[in-house]
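Work out the full structure: start from the sequences and follow the hints.
There are 2 protein chains.
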Amino acid sequence: MRKSALTSALLVSAALSAPAFANGDVAKLTADSNNWAMQAGDYANTRYSKLNQITTANVKDLKVAWSFSTGVLRGHEGSPLVIGSTMYVHTPFPNIVYALDLDNEAKIIWKYEPKQDPSVIPVMCCDTVNRGLAYAEGIIILNQADTNVVALDAKTGKELWKATNADPKKGETHTGTTLIVKDKVLVGVSGAEFGVRCHVTAYDLKSGKRVWRAYSMGPDSDILVDPAKTMSLGKPVGENSSLKTWTGDQWKIGGGSSWGWFSYDPDLNLFYYGTGNPSTWNPAQRAGPDGKQIDQKWSMSIMARNPDTGMAAWLYQMTPFDEWDYDGINEMILAELDFGGTKRKTLTHFDRNGLGYTLDRATGELLVAEKYDPAVNWTTGVVMDKASPQYGRPQVVPKMSTFQNGQDVNSKGICPAALGSKDQQPAAWSPQTGLFYVPTNHVCMDYEPFKVSYTAGQPYVGATLSMYPAPNSHGGMGNFIAWDGAKGKIVWSKAEPFSVWSGALATAGGVVFYGTLEGYLKAVDQKDGKELYKFKTPSGIIGNVMTYSHKGKQYVGVYSGVGGWAGIGLAAGLTNPNDGLGAVGGYAGLRNYTNLGGVLTVFSLP
Amino acid sequence: MRKSALTSALLVSAALSAPAFANGDVAKLTADSNNWAMQAGDYANTRYSKLNQITTANVKDLKVAWSFSTGVLRGHEGSPLVIGSTMYVHTPFPNIVYALDLDNEAKIIWKYEPKQDPSVIPVMCCDTVNRGLAYAEGIIILNQADTNVVALDAKTGKELWKATNADPKKGETHTGTTLIVKDKVLVGVSGAEFGVRCHVTAYDLKSGKRVWRAYSMGPDSDILVDPAKTMSLGKPVGENSSLKTWTGDQWKIGGGSSWGWFSYDPDLNLFYYGTGNPSTWNPAQRAGPDGKQIDQKWSMSIMARNPDTGMAAWLYQMTPFDEWDYDGINEMILAELDFGGTKRKTLTHFDRNGLGYTLDRATGELLVAEKYDPAVNWTTGVVMDKASPQYGRPQVVPKMSTFQNGQDVNSKGICPAALGSKDQQPAAWSPQTGLFYVPTNHVCMDYEPFKVSYTAGQPYVGATLSMYPAPNSHGGMGNFIAWDGAKGKIVWSKAEPFSVWSGALATAGGVVFYGTLEGYLKAVDQKDGKELYKFKTPSGIIGNVMTYSHKGKQYVGVYSGVGGWAGIGLAAGLTNPNDGLGAVGGYAGLRNYTNLGGVLTVFSLP
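As you go down the protein sequences, you meet chains R and P in turn. End of the first sequence sits at 608 in the numbering used here; the numbers just go up one at a time, nothing left out. End of the second sequence sits at 608 in the numbering used here; the numbers just go up one at a time, nothing left out.
By construction, these hints were calculated from the structure, which means they are not laboratory data. Any given hint could turn out to be false.
For chains that are exact copies, the list does not tell them apart, and a pair is met inside one copy or across any two.
Stated by the list, open to error - In silico DSSO-like pairs for lysine-lysine, Cα to Cα no more than 27 angstroms straight-line:
no. : residue 1 : residue 2
1   : Lys414    : Lys453
2   : Lys65     : Lys536
3   : Lys65     : Lys532
4   : Lys553    : Lys62
5   : Lys453    : Lys254
6   : Lys109    : Lys496
7   : Lys113    : Lys536
In structure tokens form, the structure reads like this:
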């Protein structure tokens, strides 16, 4: 029975995938490793580059080739793109875009500066970040903070079209990047802290016309789920799979944001992303009609959808009935992993909840779910017995249940903190080692839920948090780890004083790169994590390391510009370390290392 | 007669100078070239370092050692200080000060962030710049934009005292640095574009108590001039030397700002600085009672004063009755120059008016006055015949006289422009070559004076300007030149696309450094100006290059952060290149190269 369901899911996705091609231009551009044509480097989200000029032997000689101030303070997430000899640089709000001429000492070819109402700034929960541009067929796609999706002529910077995706007055904003698949521009939205019912929307690349929208929760027609064909853990999800897991109309302000990194498998014609927390953070307000916990699907879930129609092929919910803000938003990395000699086409996902998941990406079969952060204490783990009614569900430790402890009770010592064992900082995967390289947080929290009422456009959080370094001795407040996605084990771990909030880059030279919140770009050996090089960039790094080649020379680039949730204290100028969403007091020490400032630093060998 | 007057001036200064010592601490610290203990490197303002690890042979291998974002946008003038293993970094408004621990990867030891009313910003004529800190005896002196002079404990950043020097509500602001001589802190003021009667004031280093104040214009008792003993061009200045050169009460709103770099000769016990333009820029409103030109002393003058009393030993006015805003504010460099085999203790000054002056610094005797910018066309030169009644005065070309052309007439093609052949960007002098290394502008203007009425705190400019690249073919919109101060001749000249708005550094390694408005740090050979190295820092450079040594390694540091008068279009976000004081349209092209952003970049050999 289970098997045939899996087979039928496979058939569904195979049927949907004909003809199986990506955006031909994007596929071609990303196949040429001289470019960095997507935020993640490729559709599979591996952040792996075949460039190998910089090696474990010579990376010690790396030097700064040039640098470029973006002219904007606050947190710089994402990375530049490089297509041929043009580099595209973006900034946080006000979301300026620069095209730089790599043939001409990075002279500015054009600059696009949108006019946006600054009233969007206070509606952005966790700094004014933007995770970067997308490119296809001569078009640059910019997701503005105010939810306008703008298509720019990549040659001239002229606006080709603009689509208004959502409404900041309701707390809807953009921080995520875009995935371009075939003729579609796939765009998520932020706002789970404002009671937004979030969604992913497809726009036509050429015209900007809206094609489909898939909500994270609601009726089947809204969430683009086929009750009979959309699968979860080997079974069809059935009718009203979302609605029946909510009480009353709570789903209408249900959250489930979609600002994370999307990935895509052209063979299966499926794209993958995660959804965020159910609103509010106070679980008591989301209890079932019986006063017990209830799943709130499809918040906190991995979604595998057909990009042409938006229809879901399969879904998997990591954290049913969230009680900790463990958004399921983090990226899905598509790899081929070895399970005792058998290669499987997998999807690996490092969840905010501290568990590293590997699934079969065709069927959504759960293969691995293990802690990738030794601090994790809210769960004893996920039930892997397919015969159990609890199959695929994390087992909650009662003491760490903010719901069981009750409203207005401060649940202490929960690990990880709300910002998770990993947040937006994307991991990389190297086919050379078969390992994932994961920037992590090692932070715990006290969490006190309280009753909150909903007003459109106003914060709808409903919990007070205090976050602090994990009290145990497993490394730093962040660790950069290598992870075996098939075995579900940490291979090596390198401690950092603060969370590693920067995205990793793996390269064919055997060197793995990441940035630190104090501002160091670091290069380590993929084998053992040995530090081979570090350089102090102007500001803390929350951007992602990228690499490209120009005129035969390999370059490594990264934004510095401290901010994001971890750096919100600095970014928003909070003088009290206990101010700000989630009270990021643990990061107050950053003030001793770095300041705001958006700078791209580009490295090369001499 | 003349001779005896000179002798008596010498005697005066010799008498004043006993006991002849500087601030012992500053003298000691600057003698140790491991430090960069003053903005200018030394009391003589040479910006020359005896460090010689970086040479013409190896400078090509220079690499960025580390970088530090100041967290502040807009123009970054001045440079850090290094005392031992501590670096002190400052920013433009809001004038943050950081102490960085060079023994500990530049970790922030302390941060001082003054609270200032942002209403001071629009009162700052030419960006929110600050030319840096001063240090002596464990005390850091910060000149805040709002004219508060603050003494900080260099170890802890705790405020020791604060003195309010002037009043931003009247247009009085601080942009200049401070000179500490013995127990005195010498502070100037800005505001000639707001009708401020400017001054230099001495505060007691330990208590912050005001000791004396010397105005640029007014009664002898205000300007601290002894009619019989204060000399000018070999003659006592006589009674009311200032008042009799003004009509009515115009001197009370007379300008003569004092925001430039001060220098000091401990043997003569004299400190030197220049005064700015007479207010308003409309010369017709400053005409004499007879409707003719009148000098408006001591605007546009070099002042040699005793730091203990403020009393002037000698004065020299470069541009009597200014008609072009050719402030005399630029630095005085104290050197020993060879005049046909005779060494003389000299003062060399590159004036905004395009003439390079060398004087005997004991007596004020004028030795050389020659054009250091081939574009200069407002004057045929300075009369050097001591017997002439015109001795020491520049001869004005009538066509370029905005006064003779008349109010509301647009005088076209005047060179240099109001921002001068050189503005704040300080030159360096190397005892190895005996040459001055001068960052210059090569810019002309159209100038149309108009009637303006005075209101305290409101702009009191009275002229509309348009500035543009010099139309002749002598190099770029800026040139970096080597100047023979005894002969008054350009030795070599290196063209740059934009004005060189960064201060120069000369070193014993034979390498001279400067920055460019596009953001390049450049190293050239002191012999011939050959470019040996360049690096693109994050933003345009208007700061001054400095060098220090730490644990046996020589470092070179410079702020980038485009702005200042040349970069005000970018700094203040002016979208119309013809907006801003002096209409800095010629620099609009900077937008193609760089953006705002304050970053310290520190270089060393590998």
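Query - Ascending list of hint numbers which this structure does not respect - result: Result: no hint breaks.
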